[in-house]
Amino acid sequence: MIKHFINLEWKQYFRSSYWQKSIVINILLIFFALYFVGIFLFMGAFLFKIIGKATPDEDPFLVVNNYIFYWFIGDVLMRFFLQKLPVMSVKPLLTLPIKRSTIVNFVLGKSALNFFNFLPLFAIIPFSISLLKNGYASSLVLTWLAAMVMIILIINFLNFIVEAFSAETELSFLPVIALVGVLFGLDYFNILPMRSLVGDGLIYIANNPVFILIPLGILAIVYVYNFKILKEKLFLDSSLKSKVAEVKVADLSWTNRFGDIAPFMQLDLKLIWRNKRTKSMTMLLIIGVLYGLFFYPQPMYREMEFMFAFIGIFSTGFFLINFGQFIPAWDSSYYKMLMSQNIKYEQYLRSKFILMIMSVVILFVLGIPYVYFGWKILIAHFAAAIYNIGVNSHVILWGGSFNRKKIDLDKKAAFNYQGTGAVQWLIGIPLMLVPMGLFALINWLLGFEIAIATLIVLGVSGIILHKKLMRFITQKYLDSKYKMIDAFSQDN
Amino acid sequence: MIYTKDLSKSYSGTTVLNIEELSIPKGQSFGLVGNNGAGKTTYFSLLLDLIKPSTGKITSNEVIVDQSEGWKPFTSAFIDESFLIGYLTPEEYFYFIGDLRGQNKADVDKLTANFEDFFNGEIIGKKKYLRDLSKGNQKKAGIVAALIGNPEVIILDEPFANLDPTTQIRLKQILKDLAEKQGVTILVSSHDLMHVTDVCERIVVLEKGNIVKDLETNPTTLKELEAHFASNMVSQEEE
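Chains as they are written, first to last, in our numbering: chain S, 9 to 500; chain G, 13 to 251.
Here chain S stands alone, though its shape is the one from the complex (with noise of 0.2 Å):
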């Protein structure tokens, strides 16, 4: 039977329209993992030493299991944003003479096997060569790598049991911010040592062999617990019998004083609105807006002039980098019927420019208070905010004539938790590291003021240009109409 699996899984992922059309940001992909598998290489194999030097008077064993903890926490706040419960189109399998379990085990195992799983090995088996090395007992290294290799996985269920819970309340990410927040306040506020307690529990097991089946114990609960969960949402039912939603309507009728664009912006609101995966990018807006306090509190950024930049392009471009990169793939299930309308291609796209336009001013008038900081935060901010408003709004639009992938908006939330995968995060890159390496630039060879000028200077001119650059864009959309249509109506 797993056999039949893996052959389903094999050719899902090498037929697929979006591995054969998406080459380059597949090898882009290699190329991250490959840079990150020489990070942890290389941290696994010095690591030892390092801290050999930095503290002579500890043991380096001792030092590092006390800040496993972080990187528990860290590695859960990666994996709920980057890995995804593995996907496996089950509906055709419920009728075939195959064992419910039998499938959910599969989607569990195949979970183990995600890149993230392997990630720390590359930094935990070189460290542990480097224990014996240094003369620590076998015993005592080869436990400690089979504890960890265990708390890798639990992590990793752990992982789903917190998607499945933001995904069936509607939280987003607020039940992993409060997971990893308590567990942080708790050691931070000294109410439980959660550090010292996974460091020592590590260091007594590593000692006491017998003890592994502590964390052996636990990844069979989150296992089991994960299993549970799965195996209830197995039924056909449980998509069948989707609860009807009750239509909520809101007055749009403001948006008629945009003229020829108004069904699409009415369209596009409701879009946003109503469906479940647009409605959690929306709840994203609060991380732009509250982006700056992760970083103006502390003195240190407040010097680094060039982070003003940065932050200000994130956090008035949030909306327009998570929305833009996505068109027009939001549209992708009626696209058939949109361009076989009598629509204009470019009342279309403007229809959006402007939504973008508009979360661009409001996130940068919510973001006003960041003054409070110092007066040339808000110089930059309003730069980066003309930067998205002339450039980066026509560089997404431009870059979404490039979308070949279908997003389903009606997708029940079972085994389909957050959608968004490492892709997406790499397109935003430069979007934000060219205007930031610019203004970085300028701001150290000639000076603060100068930069900003550049900034607003290069988003004038793109806001001057809009009527020339939209029908270049334009263009480019009708000219992939066709690879668009037939892109959106395959499945994955």
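Hints may be right or wrong, so weigh each one.
Counterexamples of contact, computed for chain G against chain S with all Cβ distances above 10 Å [said to hold, decoys possible]:
no. : residue
1   : G49
2   : I76
3   : T87
4   : S88
5   : S94
6   : D119
7   : A125
8   : F131
9   : P177
10  : I181
11  : A191
12  : K193
13  : N222
14  : P231
15  : K235
Derived DSBU-like pairs: lysine-lysine, alpha-carbon spacing no greater than 35 Å straight-line [claimed, not checked]:
no. : chain 1 : residue 1 : chain 2 : residue 2
16  : G       : K38       : S       : K352
17  : S       : K19       : G       : K64
18  : G       : K235      : S       : K489
19  : S       : K476      : G       : K138
20  : S       : K352      : G       : K117
FYI, nobody ran anything at the bench for these hints, they're computed from the structure.
The C-beta atom is built at its ideal place from N, Cα and C for all residues, glycine as well.
Assemble chain G onto chain S, guided by the hints.
Using the frame of chain S, we list chain G on its own:
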């Protein structure tokens, strides 16, 4: 009205549609029948410029469909559920289509009021999103949306599938009225020979992408079609 010349579509060497010449006059109700893979949906997709023809062209009202968008204002279609916007209510969807086709809310309301029977009280005013409607009701909404804005050409792919018997009969009446009284050109495809012969004045049989029969509907047409598809079955068995 619609003139097809030397049209073909092939995917990596396999020809799925090949029509030398086909002319559909204005106001004709035109039926397309054929087994799976005969090329019915391919032809309709080409008509709507959703796929690019490999050779040849379709001219609709003097407009070459894959070169100009001028055919869009007078053409409407419902091919499948992907023509619906799942997160809108049927009313909102009608208004949206109306907006695109230059109809205000009052126009749309007037039109949909004519279809109360057809909707059977399950579409309008139910406060449900289209995605939550049953397949049959989705289809009803899609078909009526294709009638908004006085189109001159209406293209419906498999309109009878998924509909209950009562609705099928009502739909046939609606389509007949449109062609006879309002001079609308209607293109319908179906697997159901009886429905097509009831609705259409002319029936074209497609087989593996080629036109094999082109019939004016008369009382014996149904028999002829049935005989054709039955013999097809025999010949396939012999193969």
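Right, here's what the structure says about each hint:
1. G49: 17 Å, holds
2. I76: Consistent with the label, G:I76 stays out of reach of chain S, its closest Cβ about 16 Å off (over 10 Å).
3. T87: 7 Å, violated
4. S88: 8 Å, violated
5. S94: For G:S94, whose nearest Cβ neighbour in chain S is about 5 Å away, the distance does not exceed 10 Å, so it is violated.
6. D119: The assertion about G:D119 holds, with a minimum of 14 Å to chain S.
7. A125: 20 Å, holds
8. F131: At about 17 Å from chain S, G:F131 clears the 10 Å cut-off, so the statement holds.
9. P177: 24 Å, holds
10. I181: For G:I181, whose nearest Cβ neighbour in chain S is about 27 Å away, the distance exceeds 10 Å, so it holds.
11. A191: 21 Å, holds
12. K193: 24 Å, holds
13. N222: 24 Å, holds
14. P231: 36 Å, holds
15. K235: 36 Å, holds
16. G:K38 to S:K352: This hinted pair holds, its Cα atoms lying about 26 Å apart.
17. S:K19 to G:K64: 28 Å, holds
18. G:K235 to S:K489: Roughly 43 Å separates the two Cα atoms, so the pair is violated.
19. S:K476 to G:K138: 45 Å, violated
20. S:K352 to G:K117: 21 Å, holds
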